[in-house]
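Chemist: Quick note, the sequences are listed as chains L and F, same order. The first sequence begins at 1 in our numbering and counts up one residue at a time. The second sequence begins at 1 in our numbering and counts up one residue at a time.
No lab work stands behind these hints: they were computed from the structure. One or more of the hints may lead you astray.
Said to hold, decoys possible - Restricting the straight-line Cα-Cα distance to at most 30 Å, the calculated cross-link-like pairs of lysine-lysine (BS3-like) are:
1) F:146 x L:443
2) F:288 x F:299
3) L:443 x F:7
4) F:238 x F:288
5) F:288 x F:160
6) L:462 x F:146
7) F:7 x L:462
What the hints assert, rightly or not - Listed next, the stretches of chain L that the computed footprint assigns to chain F, with coverage defined by at least 3 CB atoms under 8 Å from CB atoms of chain F:
8) 226–234
9) 265–272
10) 294–308
11) 391–404
12) 445–452
Each residue gets a CB set at the ideal place from its N, CA and C atoms; glycine is no exception.
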Amino acid sequence: MNQKINDFVVRFANTNGTGSASANNMFAKAIFRMGIPVSAKNIFPSNIQGMPTWYEVRVSDKGYLGRRGGRADLLVAMNAQSLTADIQSVESGGYLFYDSSKPLDEAVLRDDIHMLGMPISMICVKEYSDPRQRQLFKNVIYIGALAALLEIEFQVLKDLISDQFKGKEKLITPNIHALEIGFQFATSHFECPLPFRVERREFNRGKIMMDGNTATALGALYGGATVVGWYPITPSTSVVEKFAAYCQRLRIDPASGNKNFAIVQAEDELAAMGMVLGATWNGARAFTATSGPGVSLMTEFLGLGYFAELPAVLINVQRAGPSTGMPTRTQQADLLACAYASHGDTKHVLLFPADPEECFSLTARAFDIADQLQTPVILMSDLEIGMNDHLCCELEWQDDYQYQRGKVLSAAELDELERYGRYLDVDGDGICYRVLPGEHPQKGAFFTRGTSRDRFAVYTEKGDEYVQNMNRLAEKFRTAVRYLPRPECREGDKSAAIGLIYYGSTTAAIEEAQDLLRDQGLSSDCLRIRAFPFHSEVQDFIERHQQVFVIEQNRDGQMRTLLTMELEQDPQQLQSVLHFDGLPISGRFIAAEIVARLAREAQTQEAG
Amino acid sequence: MSFQKSKFHHPRLPLNELGLSYRDYEGSLSTLCAGCGHDAISAAVIQACHELSIPPHRVAKMSGIGCSSKAPNYFMNRAHGFNTVHGRMPSVTTGANMANRELIYIGMSGDGDTASIGLGQFAHVVRRRLNMLYMVANNGVYGLTKGQTAATADLGSHSKSGEANLFADIDLCVMALQLGASMVGRSFSGDKKQLVPLIKAALSHRGFAFLDIISPCVTFNNHATSTRSYDYVHEHIKAAGVVDFVPARTEIVSKFDNQKLEDICLHDGSILRIRRTDDDYDTHDSRKAVAAIEEHKAKGEILTGLLYIDPTPQEYHEMAGTSATPLSRLSQEDLCPGSRVLANINASFR
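Looking at chain L on its own, in the form it has when it is part of the complex (with noise of 0.2 Å):
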């Protein structure tokens, strides 16, 4: 094998609950504190202790962030269950580093790997007494072996170490201990380094390592959200989670001890939206987290929150369905259930972050759209997005942004009106004035509901008003993508004929997928899309390339559904890349899904 210096993927195959995530998870940050691109991933099942879970680091100068895809370059094998998988999950040529504590069963070897063995189980029986110790050294010896297989600054792991139990200073001690362990072992058993390894980069000045669902949670934090109405469902959990543990550090009024925050967890999924609207309908900020399961069940109050037109925000970190679906990986799946959620003519805002940095900066912003639209904003978060480390830029803050609160009339308002009407489109662009409960002693007062009304919140059947009322909440659907991101659109010297649509998490492969195509001659632009509904760029994109593939994780090409529906696109020109076995999507993938495509293209245009 040549040697490569920051390129190759590491695979650490484990126990579920034998307490190897956060170790893992030092590896993968050390190489972040080293400056070198890496991106990490979870892939665990739905169970809580006992079953094969894995994690994947992908190290890469060039700061690809997506998943390699393919086979590890080192596999480091902790799991007897899965072994016989996991060896044949490594690349030719490399490496599997096992514990050989006990003899490993030779009708499962390969010969075009090499192996490193290293009796772990039988060093932590002498070094450990306690059974737990047992078990969770093995995974800090281990790391100690790897950083002297790659070269990873041991000042770097004793740094993580002290971090990691600040405030627990007993356990630092052990814990070096334990590294250095498997530090000399390696050392004086393995030809160190590896053909691969790492070296000190500057790559990530100014960046962080943080999962997206915590970036959600400090957005929401951020963003003024008060109350929050939820129900557990992974992977959006640790949501609000998140959002308590940041209130509890944040939002406890210094003078009288009380909470600047109020949180229930719900019955299920239908109380936690029907909270949300009625903290909203009293002028709060409010939001739930949920992932699709939870999503069917708020579907009808999502229905009442567009119709009655109160704000609300929902954070649908999506898994893979449908129905239970696979609890614990990653698609986005859920996009026309929720861009369409309830039943009648009903049309949601959807907001697309690409990573933790997003998570923050859309859901923050979420809360003013919600606001200035009066309507539910749903931010499309994924398992990858939410539930892995990301790097990515550091979050921001602006100190003399002002929360957008939208058209609210106060009392002093109301009191100029001759008559106020809740449903008049007063400046003609679908939105109208709201009043909060408990304004004004005679004005303003109106019954908010879900069956049809007039123009002055007044119960109706009339067809007429009932069209009017329609009409306006689509104009009103149109205005709202003045208030949204754009797309980001990244276009070379126009001359490439084909175009790249994505969005969300599948964003971290474009990048390698567009330098893979560069490879084989094609040149590609691309536009990322951030928001629903579509900006004009959107139509526009489409409209200057000849053939546009439409990148996603599901199976139906729901994007694609979506834009050739409200764009009034011919479905002729948007092809399908999809990618939904719940793993991410890598760029590999990409690459050859479009170069096969064209292939299959060019020889049906030969053959005819």
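Dock chain F against chain L, hints included.
Modeler: Using the frame of chain L, we list chain F on its own:
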């Protein structure tokens, strides 16, 4: 449909402390069937709020779906109303109350809305000790969908089409008592003398107050074989006590026989006065209240009146320790930690 009433009223109508007359507490003209018990409940709410001098605009009228849930249209036009979706009034009220603890929440629901589709939300709003008045206009039948049996209908009672109810009824007062409501009462829409003081007490009670109000359906459930008809209820009613409510700041004049009087002081200083008709009845013991309801039921009687009250209850905001200022009124300065704090947060992710 809702029809507006004429704004004219007699200039010499009595005014309350706010200078408002009874008419200022009215709503739109009712579109419920003539003689509907729900209209009597609306009238009782109007009287109670007027007598308590509640500022109408500080009331939030919350409801779900059904005949009962239309009723908030028919009282207090100056209050904001929220007609939510079927059975989900409790969660919307929870959110509204979390956001603004200062409004007075009147939840109006029916037997279908609360005991069937909304039973889950009902149970949980009681657990959360929300400071609200939750009223069920209970007629044991579905009115808007024309006569189906409700979950509160008695076992063996017959629907208008003659079908016997196969299933046991859900007693919402028993549920509320078991789940920790701090005030529980049962009344009859036709008994204004009992109902008005109960509503006044519930509105002055800082905690979760539940009132199950039997409200016969004149159109679908007022026939001879029904146990929710006017005649049946009149014949089988049994009061746990005579209730009177003395608002704070008014002179208290005893109207009852002193021997059997009990005064309960509420948060605003008002007095809830109970004259016992049943010597054994203890309004401060929720388990005995459950037993009494069951005993009277076994005798074919409906026990009404104040069934239970905890004079020192806790409500949601006290338990959660939320800000005294309503959350909806906190400013950006109160809520946003700013860029310097964010710089520290960024540092913790390097």
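Chemist: For the pair supplied as a hint, residue 288 (chain F) and residue 160 (chain F), is the alpha-carbon distance within the 30 Å limit?
Modeler: 35 Å, violated
Chemist: Does the structure keep residue 238 (chain F) and residue 288 (chain F) at a Cα separation of 30 Å or less?
Modeler: At roughly 16 Å apart (the allowed maximum being 30 Å), residue 288 (chain F) and residue 238 (chain F) satisfy the hint.
Chemist: With a cut-off of 30 Å on the C-alpha distance, tell me whether residue 443 (chain L) and residue 7 (chain F) pass.
Modeler: 14 Å, holds
Chemist: Given the proposed pairing of residue 462 (chain L) with residue 146 (chain F), does the C-alpha separation stay at or below 30 Å?
Modeler: 23 Å, holds
Chemist: So is the region 294–308 of chain L in contact with chain F by the C-beta rule, three or more residues under 8 Å, or is the coverage claim wrong?
Modeler: holds (count 3)
Chemist: Between residue 7 (chain F) and residue 462 (chain L), does the CA-CA distance stay at or below 30 Å?
Modeler: Holds - the C-alpha atoms of residue 462 (chain L) and residue 7 (chain F) are around 25 Å apart, at most 30 Å.
Chemist: Against the 30 Å threshold, does the CA-CA distance of residue 146 (chain F) and residue 443 (chain L) hold or violate the hint?
Modeler: With a Cα-Cα distance of about 36 Å, the restraint between residue 146 (chain F) and residue 443 (chain L) is violated, given a limit of 30 Å.
Chemist: Tell me if chain F covers the region 445–452 of chain L under the three-residue, 8 Å CB rule, please?
Modeler: n = 7 at 8 Å, threshold three: holds.
Chemist: Do three or more residues of the region 265–272 of chain L come closer than 8 Å to chain F, measuring C-beta to C-beta?
Modeler: holds (count 6)
Chemist: Please count how many residues of the region 391–404 of chain L have a CB within 8 Å of a CB from chain F and say whether that reaches 3.
Modeler: holds (count 8)
Chemist: Test coverage of the region 226–234 of chain L by chain F using CB-CB distances below 8 Å; three residues minimum.
Modeler: Answer holds; 3 residues pass the 8 Å Cβ test.
Chemist: Is the hinted pair residue 288 (chain F) and residue 299 (chain F) satisfied, with a Cα-Cα distance of at most 30 Å?
Modeler: The given pair, whose Cα atoms are some 17 Å apart, holds under the 30 Å limit.
Violated hints for the displayed structure, listed by number in ascending order: 1, 5.
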